[in-house]
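Please model the entire structure based on the sequences and the hints provided.
Residue numbers (this note's numbering), protein chains in the order written: chain V, 10 to 336; chain B, 2 to 307; chain D, 11 to 317.
The set of hints was computed from the structure by calculation and includes no laboratory data.
There are no misleading hints in this set.
Listed below are the simulated BS3-like cross-link pairs for lysine-lysine, each with C-alpha atoms no more than 30 Å apart in a straight line:
{"id": "1", "chain 1": "D", "residue 1": "Lys-236", "chain 2": "V", "residue 2": "Lys-133"}
{"id": "2", "chain 1": "D", "residue 1": "Lys-236", "chain 2": "V", "residue 2": "Lys-127"}
{"id": "3", "chain 1": "V", "residue 1": "Lys-206", "chain 2": "V", "residue 2": "Lys-127"}
Interface residues of chain B toward chain D, partial, derived using beta-carbon atoms under 8 Å:
{"id": "4", "residue": "Ile-148"}
{"id": "5", "residue": "Ser-243"}
{"id": "6", "residue": "Phe-244"}
{"id": "7", "residue": "Leu-248"}
{"id": "8", "residue": "Ala-267"}
{"id": "9", "residue": "Ala-270"}
{"id": "10", "residue": "Glu-271"}
{"id": "11", "residue": "Phe-289"}
C-beta atoms are modelled at their ideal positions from N, C-alpha and C, and glycine is treated no differently.
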Amino acid sequence: MSKVLEVNDLSVTFALRNSEVRAVNDLSFTLEAGETLAVVGESGSGKSQAFLSIMGLLARNGRTTGTAMMGDINLVGMRTSQLDHIRGKDIAMIFQDPMTSLNPSLRVKTQLSEVLVKHRGFDKDKATRAAVEMLERVGIPEPAKRANAYPHEMSGGMRQRVMIAMALLCQPKILIADEPTTALDVTVQAQMLDLFKSLTDDFGTSLVLITHDLGVVAGVADRMMVMYGGRAVEKGNVNELFYDPRHPYTLGLLHSTPHIAHRAARLDPIKGLPPSLEHLPKGCSFNPRCDFCFDRCLEERPPLMPLAGGREKACFYEGPLQTRKVA
Amino acid sequence: MPGITGKDQVLTAYANKLASLDAPKGRSLTQDALYRLGRNKAAVFSIVLLVLIVVVAFAGPYLVPWGYSQVDWSNIRKPPDFDAGHFLGTDQNGRDMLARVLQGTQMSLIVAFVATLVSVSIGVVYGAVAGYFGGRVDAIMMRFVDIMYALPYILFVIILVVMFGRNPVLLFVGIGAIEWLTMARIVRGQTLSIKEKEFVEAARASGVKPFFIIMRHIVPNLTGPVVIYATLTIPEIIIAESFLSYLGLGVQEPQTSLGTLISAGAPVAEVMPWLLLAPAAVLITLLFCLTYIGDGLRDALDPKDR
Amino acid sequence: MLAYAFRRVLSAIPIALIAVTACFFILRLAPGGPFDGERALPPTVLANLRAHYNLDQPLINQYFIYIWRLLHGDLGPSMVIDGFNVSQLIAIGFPFTLTMALTAFVIATAIGMLAGMVAAVYQNKWPDYVLVLAVMIGVLIPNFLMAALLQLWFGVYLRWFPAGGWVNGSWWHLVLPVTVLAWPHAGRISRLMRGSMIEVLGTNYVRTARSKGLGERLVLARHAIKPALLPVVSYLGPGLSYLLTGSLAVEQIFGLPGIGKYFVTAALNRDYGVVLGTTILYMFIILALNLIVDLVYAWLDPKVRYR
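In structure tokens, the structure reads:
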């Protein structure tokens with residue numbers, strides 16, 4: 010397998026009025042051709058900001074350092090005008106909220122066909138025909154008619170299908186899906202995941218699935234990266250991570266997901282709240298919430314250390330992981 | 002005139018914010034806003050300058066050697082002259098411009114204050130009544146407001162001039178009386194949400210009369226919007242007043258206002274520019290101060306705006 | 011869309027009628043009349059005059075006579091300017107007023123939108139600050155004062171433009187009055203445009219458009235401008251009516267032959283016919299403008315049509 014994206018030491022900072030907040034810290038990972046990588050974490054873990062920064066879509070006060078290599082092109086620090094030749098064509102993104110992510114004042118076909126006009130040089134008619142075909146592929150009934158609709162005339166699931174169609178128009182090498190199912194009904198979620206799987210397989214597209222829901226990850230992803238406080242804390246094959254988590258946070262996540270925790274007698278949510286990025290604790294960011302925390306964790310931040318089988322974790326605790334019930 | 006300071010948007014944003022809070026927290030929100038206003042340098046500077054203008058306008062006439070209608074026969078059409086004691090010169094009739102500008106500023110401020118008071122009172126009462134009684138009363142009352150909005154404001158003013166012609170006080174009460182529309186809308190919206198609160202329910206259940214409920218429970222919760230509204234209305238009224246006076250429809254000689262002075266100074270500005278520039282400078286300063294205060298209030302209320 | 015337009019037209023009719031009625035009675039119930047001149051007229055002459063203009067009849071009859079005539083497009087006679095009826099005065103003065111106001115409107119709207127857009131794109135950089143200051147000056151300084159200052163500076167000291175007066179067909183004479191009219195309007199438009207543009211540039215759908223690699227120019231032109239126009243468009247109606255009423259004053263100041271001249275004189279002389287006629291004309295224009303704005307709004311924001 011070949012790498013389509015190699016990210017090294019990616020950091021994202023936001024300038025506030027009098028201070029600076031680091032949303033992502035020294036993040037490194039690779040994405041192989043055709044694979045599905047799940048990026049998992051609570052809100053505020055930096056998972057969305059990391060990928061927005063790669064896409065050049067940070068808010069005005071955001072700054073990115075590090076590298077994100079697509080082949081021999083570094084996406085970080087690229088001029089927007091050059092980035093525009095890549096995003097939408099080789100790397101596409103789907104956003105969390107399909108209700109607000111489509112332009113309410115433009116017809117669906119306009120929003121789809123413009124991608125092909127820009128990146129493939131199609132004329133308007135040809136682009137519209139291709140757009141309608143793509144709508145059909147993502148399972149929209151009467152695509153020719155639907156293409157003329159405005160977004161507000163469609164349901165949430167329908168709009169997310171439109172978003173998927175839009176992202177896949179140019180058959181990108183990488184598709185980043187940021188919480189693509191969170192805003193949808195549970196019944197629609199499964200359909201949507203199937204659709205992702207089959208389309209990315211057809212096009213050979215690598216999928217990055219950003220989510221906080223391990224239930225979503227289970228059926229779809231090949232590999233998984235768990236993020237906490239702006240850093241990756243555990244990486245590895247999905248099956249191995251699910252059955253043998255090595256980081257207490259991963260374990261906590263698994264135990265707080267109803268679908269997966271059914272073996273446990275009851276849900277066992279992680280105690281406490283995600284940390285504020287402005288006031289990360291000293292040492293390991295997870296230490297205030299960790300059941301396995303010991304004195305070293307309070308002083309020193311654990312680096313990401315390789316384990317057997319290509320896995321990595323950022324934790325000093327080497328003993329067996331079992332939820333220790335707090336009295 | 003309506004819309005000059007963006008009053009509608011500011012008030013609507015503020016009202017939405019109030020409505021989104023769980024309990025009516027008009028005062029604490031206002032205190033919070035005032036604290037932030039205190040950190041806004043432009044606004045604080047404007048407040049100081051405004052206070053200074055007000056004090057000088059009211060105390061100044063006692064310190065100036067000339068009365069505003071007193072004629073100095075030996076100094077007619079004098080440019081500013083320190084030796085003669087005419088710091089801003091004199092007009093065609095030999096009246097001291099400094100004294101006249103002070104008097105004019107005073108008059109403009111009084112008129113603005115009275116008219117604002119009138120419009121606030123009408124707006125609050127009208128909006129509170131419409132909101133409190135709701136239903137058909139509300140529908141009819143607010144429909145009337147809609148129709149008033151559709152009428153050209155300035156024509157209304159001129160019709161008022163026709164009605165109250167030579168009596169400036171009544172005239173400006175009239176101006177105040179047509180400035181209340183926005184206030185009424187905001188107050189109505191507020192009242193609609195406040196009247197659902199427990200303390201109003203409690204008062205109603207114990208048989209308190211609607212008038213007292215409105216006065217005691219609803220109006221006090223409107224302090225915030227009223228303060229902002231008043232701040233933003235004053236410059237509008239000052240402009241309206243000066244415009245009418247400029248057209249010769251407002252304050253009459255020998256009384257004077259900033260508008261009257263500008264109107265007298267404009268035609269002769271070529272030969273006696275000081276007659277135009279002195280009142281113009283005061284008017285512009287006044288308007289800028291009031292607007293910066295208004296802007297400061299808006300920023301204080303809605304910090305995400307900047 | 012057509013049904014929507016029809017509904018909106020229907021709902022404007024009662025408003026127009028109520029407004030006409032209100033104006034009529036407010037004006038008539040005011041003390042004083044058109045013949046309270048400086049010289050007292052002999053009683054017989056006065057009675058004849060009053061009979062001629064139907065002023066001797068009960069007010070309610072006068073009202074119905076007025077409405078009846080109005081429905082036939084007759085605004086009645088002027089009571090002060092001999093031999094002219096109101097429609098004639100409007101026909102003489104209004105085209106000029108309209109031309110001037112529309113010129114100012116078009117120029118100011120274009121400049122305002124452009125400036126607001128530039129300020130939004132360069133938010134908190136120098137073009138933004140320059141614009142904010144220009145807007146402040148234009149919006150804050152009342153038009154008569156702005157007129158006086160511009161006359162003094164450009165007309166008298168620099169002698170670039172004529173300070174006042176009118177020579178037929180000379181747009182040179184219109185430069186200063188149009189500037190005075192247009193400046194505040196451009197200011198308000200640009201302020202609205204800046205605000206809504208900043209908001210739109212932060213929306214999810216603009217982020218989507220950027221993620222598609224469309225290029226910043228296309229993102230602005232296709233995805234941002236149309237939704238950002240919504241608040242601006244809703245201001246255009248009131249904006250044009252401010253310009254039309256504002257031009258009454260500007261005409262007065264620059265000595266231009268528009269309807270403002272007649273209107274102010276009429277108000278001072280309690281010439282009911284002219285004041286009422288002009289007011290009604292303006293009201294209809296404002297109602298029509300609001301209607302047009304609503305329709306444009308419905309086109310810009312497809313959701314509105316379904317309410």
